[in-house]
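J.: Spelled out, the chains give:
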Amino acid sequence: MEPIVKAENLFFRYSSTKSIEINSGEKNRKWILENINFTINKGDFVVIAGKNGSGKSTLLKLIDLLLLPTKGKIYIFDKDISEIADPYEVRSKIGFVFQNPKHQIITNTVLDEVAFGPENLGLPREIIKRRIERAVKLTGIDDFLNRRTDELSGGQKQLVAIASVLTIDPEILLFDEPTSMLHPEYHNRIIKIIEQLNAQGKTVILVTHNSKDFLIGTENVKTRNRLFIISDGNLIYDADPKNLFENYKNIIDKNDLELPAAVRISKQIKDRLGDFPVCISIQELSEKISNYIGLK
Amino acid sequence: MGKFIEVKNLTYFYNQGTINEVQALKNVNIYVDRGEIVGIVGPSGSGKSTLLQHFNGLLLQQNGDVLINGVSISDYSNIKDVRRKVGLLFQNPEDQIFEKYVGDEIAYALFNFGYSKEDARERVRELLNKVGYGFEFKNRLTKELSGGEKRIVSFLSVIAYKPELLVLDEPTVGLDNFYRQKLLNLINEWAYNGNSVIMVSHNMDEVFKTCHRVYLLNNGSVVAHGKTEEVLMKTTLLLDSGLTPPDFIMLISSLKQRGIRIKDDIYSEEDLVNYVVDQISRVKGISL
Chain A
1 MEPIVKAENL FFRYSSTKSI EINSGEKNRK WILENINFTI NKGDFVVIAG KNGSGKSTLL
61 KLIDLLLLPT KGKIYIFDKD ISEIADPYEV RSKIGFVFQN PKHQIITNTV LDEVAFGPEN
121 LGLPREIIKR RIERAVKLTG IDDFLNRRTD ELSGGQKQLV AIASVLTIDP EILLFDEPTS
181 MLHPEYHNRI IKIIEQLNAQ GKTVILVTHN SKDFLIGTEN VKTRNRLFII SDGNLIYDAD
241 PKNLFENYKN IIDKNDLELP AAVRISKQIK DRLGDFPVCI SIQELSEKIS NYIGLK
Chain B
1 MGKFIEVKNL TYFYNQGTIN EVQALKNVNI YVDRGEIVGI VGPSGSGKST LLQHFNGLLL
61 QQNGDVLING VSISDYSNIK DVRRKVGLLF QNPEDQIFEK YVGDEIAYAL FNFGYSKEDA
121 RERVRELLNK VGYGFEFKNR LTKELSGGEK RIVSFLSVIA YKPELLVLDE PTVGLDNFYR
181 QKLLNLINEW AYNGNSVIMV SHNMDEVFKT CHRVYLLNNG SVVAHGKTEE VLMKTTLLLD
241 SGLTPPDFIM LISSLKQRGI RIKDDIYSEE DLVNYVVDQI SRVKGISL
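Sequences listed follow chains A and B, in order. Mapping to our numbering: the first sequence position 183 is 183, numbers consecutive. Mapping to our numbering: the second sequence position 158 is 158, numbers consecutive.
It is possible that some hints are incorrect.
[To be verified] Computed list of lysine-lysine pairs in BS3-like fashion (alpha-carbon distance at most 27 Å, straight line):
(1) Lys26(B) / Lys234(B)
(2) Lys30(A) / Lys100(B)
(3) Lys8(B) / Lys267(A)
(4) Lys102(A) / Lys234(B)
Hints are computed from structural coordinates only; laboratory data are not their basis.
The whole structure should be built from the sequences, with the hints applied where relevant.
T.: Right under this line is the structure:
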């Protein structure tokens with residue numbers, strides 16, 4: 001296993017720009033992230049969950065070198081990010097997809113948008129063309145490649161944002177609640193794309209509120225799927241998501257996480273019958289129920 | 001009770017009379033009773049937003065009619081009177097917060113509707129206490145609020161002037177469970193006090209828990225309507241419209257596909273658990 005992102009005793013807080021606060025209150029400012037330790041390996045699929053304001057997005061920004069640690073270390077590709085003189089090279093291997101594609105799309109037409117990244121990297125025309133073709137195919141945006149970006153729906157814009165990140169050919173992909181503002185028809189489509197990218201070997205880090213998404217990658221794709229839960233700036237869970245649903249009711253309650261319906265229903269059946277497996281998907285639950293009812 | 005708003009045979013064309021003419025609504029009929037929460041669901045481009053904009057006169061009917069308390073919107077001499085009765089909260093309303101302080105943001109519409117400074121202050125106090133923030137919260141800078149807090153403030157700024165109908169476009173999108181629940185509680189309370197609510201949502205679990213009745217729109221027409229549990233049981237129709245039915249309904253449909261008989265009057269997760277436990281116990285010969 002090859003470590004690709006590593007955090008060691010990582011602390012972060014926003015420093016105030018007002019000098020008066022630096023003198024009086026800086027030390028009392030709350031840590032946004034507190035003593036975080038983890039190692040993400042190449043090809044991992046990590047889902048990060050936690051309440052609004054728990055520090056999830058801050059962690060993504062640190063991994064993308066948009067922020068630097070206040071204390072402690074983050075290593076990306078084995079390099080200490082606080083000591084990288086030119087972050088450009090490292091950042092070109094990291095793709096960031098924001099919650100709201102409006103914050104990310106900058107050009108007038110879709111084609112310009114997907115070409116923007118590789119053109120800025122100064123790549124040869126042939127390579128740019130090939131990368132665009134691949135990204136367009138994966139995201140399925142061929143239909144509106146020549147449209148104006150401001151005419152697209154929210155879901156279409158997000159697909160374009162993903163395609164333009166892919167043309168940079170990053171090794172690490174960061175998604176900050178990429179579907180929470182979109183209609184569900186785009187949710188499923190985008191989740192499939194993310195799964196596919198991970199299956200192609202990309203390291204994926206996905207922030208989400210939706211507990212259904214915790215199980216992405218556990219059924220279709222063979223990955224080292226991990227769930228991080230961040231609570232008040234602390235990393236309190238780093239393990240298999242199934243284990244959380246079965247054994248950590250306190251973490252679920254404290255962080256306002258909703259149990260997936262399949263887990264909730266199968267637990268109720270188990271409580272009543274004494275013997276019933278905890279299932280994580282509706283398909284699995286349906287199969288188990290029919291097995292039990294089929295019992296003669 | 002009684003109908004607060006009624007939409008009759010509403011039809012709407014964008015760019016009417018030009019070669020770019022697009023029909024957004026086709027003969028739509030909808031009503032909302034007082035105290036009722038009505039859901040409007042449908043895929044993107046089904047006409048939901050066009051319909052919403054008719055409720056407070058942002059768009060005026062080309063054909064058909066929109067009646068408020070039995071009076072056609074076109075008969076109101078001042079559209080402001082309609083807007084006072086119908087509060088509209090857009091998607092991601094926090095993007096439209098423009099006052100520096102929370103108190104001013106909530107009071108903004110109150111001044112437009114002629115509240116005195118004292119009355120506006122009293123109303124802001126009442127609202128901030130109601131959501132548990134306390135009156136001092138009025139001095140908070142709006143730009144420093146969390147996303148969830150901003151959404152609550154936007155909601156308060158609409159209910160501040162006590163509209164009789166609240167129209168909400170995807171009110172909980174992007175919120176975590178805590179704020180989602182908090183907002184849904186406020187919406188329920190608002191309706192419980194005799195006001196009407198129309199809510200567009202693509203979260204069918206939420207629609208199931210919150211709405212009394214549902215209209216399903218597709219291609220500008222109402223393709224299904226009725227009690228929430230009845231409409232959401234139409235799994236094929238929902239899936240065809242790009243909507244995901246609540247999980248327990250998906251489970252019922254999956255069990256039926258496996259040839260398991262499920263009785264027809266199961267309308268909640270609890271009913272389903274009871275039924276399944278009962279069936280399994282029967283097979284195992286255990287009496288509970």
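J.: Would you mind marking each hint as holding or not holding in the structure?
T.: To see whether the hints hold, each was checked on the structure:
1. The suggested pairing of Lys26(B) with Lys234(B) holds, with an alpha-carbon distance near 22 Å, which does not exceed 27 Å.
2. For the given pair, Lys30(A) sits about 24 Å from Lys100(B) by alpha-carbon distance, which is consistent with the 27 Å threshold.
3. For the given pair, Lys8(B) sits about 47 Å from Lys267(A) by alpha-carbon distance, which is inconsistent with the 27 Å threshold.
4. Simply put, Lys102(A) and Lys234(B) have alpha-carbon atoms about 35 Å apart, too far for the 27 Å limit, and the pair is violated.
Comparing the model with each earlier hint shows violations of hints 3 and 4; every other hint is respected.
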